[in-house]
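Colleague: Protein chains in written order, with my numbering: chain A, 1 to 123; chain B, 1 to 123.
No copy labels: a pair is met if it fits in one copy or bridges any two.
Derived BS3-like pairs: lysine-lysine, alpha-carbon spacing no greater than 25 angstroms straight-line:
(1) 121 - 2
(2) 34 - 121
(3) 102 - 121
(4) 53 - 102
(5) 2 - 53
(6) 2 - 102
(7) 34 - 2
(8) 34 - 110
(9) 110 - 121
Don't read these hints as lab results, they were simulated from the structure.
2 protein chains.
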Amino acid sequence: MKRALLLVAHGSRRAASNEEVNALTELLANSLDKDYTFIKSAFLELADPSIPKGITRLVEMGAEEIDVLPYFLSAGRHVSEDIPTIITESALQYSNVIINLKEYIGGSSKMVDYICALLGKDV
Amino acid sequence: MKRALLLVAHGSRRAASNEEVNALTELLANSLDKDYTFIKSAFLELADPSIPKGITRLVEMGAEEIDVLPYFLSAGRHVSEDIPTIITESALQYSNVIINLKEYIGGSSKMVDYICALLGKDV
Chain A
1 MKRALLLVAH GSRRAASNEE VNALTELLAN SLDKDYTFIK SAFLELADPS IPKGITRLVE
61 MGAEEIDVLP YFLSAGRHVS EDIPTIITES ALQYSNVIIN LKEYIGGSSK MVDYICALLG
121 KDV
Chain B
1 MKRALLLVAH GSRRAASNEE VNALTELLAN SLDKDYTFIK SAFLELADPS IPKGITRLVE
61 MGAEEIDVLP YFLSAGRHVS EDIPTIITES ALQYSNVIIN LKEYIGGSSK MVDYICALLG
121 KDV
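Please construct the entire structure, taking both the sequences and the accompanying hints into account.
Modeller: Okay, structure coming up:
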């Protein structure tokens, strides 16, 4: 089973912000190469590739299962409505591919530990 | 020395998004009570308290040193310009208080490990 991870960010008019996401994606690709055959990024708006385009590319590369991870801090409209709608449409388009929408990164209880680590505190 | 942490988020028209930030702040307050006397949140826009108001409150509570942590994922205009400008103004206003602007949470190399942990992978 060829698994893929798609990191989905909001997208910015600032190229540097989008490049930050792409750089993070490359670091993830190095760390998670045993878990995922392909690791790519996509953007909800303002940058390329879009989420549907990102999924299409992964399918064309041979991905059979895609984990979509929203790189968002809070469950606003984008996380609660826009991204699920897009993913549902992609899942209908590629019914032979398993597409899992994961929880947005700010929604985890691990965020507390992450921030403590940033501040140099062990908990 | 009474130290304070101010978690600074963007702010949303959705009350639920702002409440997520406040809930995270309460969890941080429990985890970091040995490191900080006060732990509060503030918002760049669209929600209360504003960043200057948040800093004023902490100073009035007796904070002598304030760590300001931008709860942002990328270094867009808000992180690179707006927040530093506000913090510089507050530092001028309260010259007897040490105000440290910390790196935004998406800027850490630890983000890779955090995401791996979310996906259930040890690195």
